[in-house]
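Asker: If you read the protein sequences in the order shown, they are chains F and Z.
Per my numbering, residue 1127 is the first one in the first sequence, and the count goes up by one each step.
Per my numbering, residue 215 is the first one in the second sequence, and the count goes up by one each step.
In short, the hints are calculated from the structure, not lab data.
Using N, Cα and C, we set each Cβ at its ideal position, and we do this for glycine too.
The reader is advised that the hints may include incorrect statements.
Unchecked claim - Distance condition first, Cα-Cα at most 30 Å in a straight line; then the derived BS3-like pairs of lysine-lysine: (1) F/K1128 x Z/K323; (2) F/K1135 x F/K1334; (3) F/K1334 x Z/K285; (4) F/K1279 x F/K1334; (5) Z/K220 x F/K1353; (6) Z/K285 x F/K1135; (7) F/K1334 x F/K1353.
What the hints assert, rightly or not - Sample of chain Z residues with no beta-carbon within 12 Å of chain F, all distances over it, derived: (8) S227; (9) T237; (10) E241; (11) V243; (12) T292; (13) A309; (14) L315; (15) C330; (16) Y332; (17) N340; (18) L353; (19) R359; (20) T370; (21) E384.
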Amino acid sequence: MKPPLFDYKAPATIDEAVAMLAADPDAAVLAGGQSLLPAMNFRVANPSALVDIQHVQGLQGISVDGGEIVIKAMVRHRELELDVVVQRVNPLVVETLQHVAHVPIRNRGTVVGSLCHADPSAEMPLLFVLLGGTVVARSPAGTRTIAAEDFFKAFLTTTRAHDEIITEARLPVLPEGAGWAFDEVTRRHGDYALVGLGCVLALSGDGKVETVRLAACGIADKPVRLKASEAALQGTGLAPADLDKAVEASASAVTTPDDMNTSVAFRRRALGALIRRLVAKAAARARNKEPA
Amino acid sequence: MRGKIKPALPERSEDPRVAVALTVNGEQVTRAVSVRMLLSDFLRHELGLTGTHVGCEHGVCGCCTVHIDGKAARSCLTLAVQANGCEVRTIESVASTDGALHPVQQAFKECHALQCGYCTPGMVMNVLSRFEEPGTLDLSEEGIRDMLSGNLCRCTGYLNIVTAVRRAAELLGRAE
């Protein structure tokens, strides 16, 4: 037996599930288990009980609703990756998911679980911050919606209250005509990112940057929008000097201290390289978009 | 205070048990197991199916890969109780009952894609699930390496394993 002992609970309804959490302050929610179970096998995590939500009604399925992709709590990464509607309305989702671990892990791990785990190097939290997604939290007291930028608080910490279960995550579709790109620097493909970057960008008729959003993971204690770099690119024609300014403006966003993986200096350089590469890629895609 | 030598050890753990019923390789099985028993340990210690290997037990090496409801998954990152009601498939079910190898196994044999063989059951179950998945499969060098990236081999290097996946595609009529 690798994991420490716990109570196992398998509720059938969301009301039962949140009541079980409310009754036990050390209980944890189990969805796909691809982050929680390794932590338990290492005995880093030691919850008193696991509330397994896989049998809870109403937590399955993906839908597109009024410009948002609605991802229910038990949707696995791979399910979202292979969804043809999602591929059409937001190709950035697939491009990002292909960097999340490996297929057998993506077959089990859930998107919402990854958001709740809130690893600062993980790709899906970055995507939610980048696109301005929201999550819906359910507790015995009721339901509330939390915006991505308010959800991620710090390393492995979100603003989800202990007795709340995130029942769904909502991710905007890409704006018409926008270009997109995601990439990351890792030691091995499938590892957590040393630095990851996502970019969504729209150009005006004269080729100037109309809107741009940049978000990174691996550089701070949570995924962050690079607002200073966005401001440096806004309204420009993406000349090399404009990109230099955007890269320069990103340096102070890197706050992760030197660790066993790499140094702050390397993370800053990698982030700069990703900004140059991905802004160019997103802009090329925006230019090549067929008019609607 | 030093630990005391106990007169006798209990024969089974005192963990709370939970009944699980699942299908393994087409056969219905029911057992009462500890809630913290991993699916990998369940297969090996409760069912005696030792073809599923256990390497790192935290999801990195891929040795313990089995199919859960038709999809490759780490049995070390799944509790037996989570597989309650599921259909699990292990390496023992892959060859025919008359012993004829499955094309994926045949390809691994032909291409010498194993040396000690410890990682092979996980490799085969992972590759097999990708061939059984609907849709197109990226069989470029990079695509195959991506397919294998969640399975570690510490003896052969990956060249022969990549070749074996390409050969398996030929044997299964999937090569482009």
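Asker: Decide, holds or violated, for the assertion that all CB atoms of chain F are farther than 12 Å from the CB of Z/S227.
Answerer: violated (7 Å)
Asker: The output says Z/N340 does not contact chain F. Does that hold with a beta carbon cutoff of 12 Å?
Answerer: violated (6 Å)
Asker: Checking the smallest CB distance to chain F, is Z/T237 really beyond 12 Å?
Answerer: holds (17 Å)
Asker: Is the nearest CB of chain F more than 12 Å from the CB of Z/A309?
Answerer: holds (21 Å)
Asker: Can we trust that Z/V243 is non-interface, i.e. its beta-carbon lies farther than 12 Å from all of chain F?
Answerer: For Z/V243, whose nearest Cβ neighbour in chain F is about 19 Å away, the distance exceeds 12 Å, so it holds.
Asker: Could you check that no beta carbon of chain F comes within 12 Å of the beta carbon of Z/C330?
Answerer: holds (21 Å)
Asker: Since Z/E241 was said not to touch the interface, does its Cβ keep a gap of more than 12 Å from each Cβ of chain F?
Answerer: The claim holds: Z/E241 sits with its nearest Cβ about 23 Å from chain F, beyond 12 Å.
Asker: Checking one constraint from the list: CA of F/K1334 to CA of F/K1353, max 30 Å. Satisfied?
Answerer: holds (18 Å)
Asker: Check whether the Cα positions of F/K1334 and Z/K285 lie no farther apart than 30 Å.
Answerer: violated (46 Å)
Asker: Sort out whether F/K1135 lies within 30 Å of Z/K285, counting only the CA atoms.
Answerer: Answer holds: Z/K285 to F/K1135 is near 24 Å, not above 30 Å.
Asker: Decide if the proposed pair is consistent with the structure: F/K1279 and F/K1334, CA atoms, cutoff 30 Å inclusive.
Answerer: violated (34 Å)
Asker: Does F/K1353 lie within 30 Å of Z/K220 when you go C-alpha to C-alpha?
Answerer: violated (63 Å)
Checked against the numbered hints given earlier, this structure breaks hints 1, 2, 3, 4, 5, 8, 12, 17 and 19; the rest are met.
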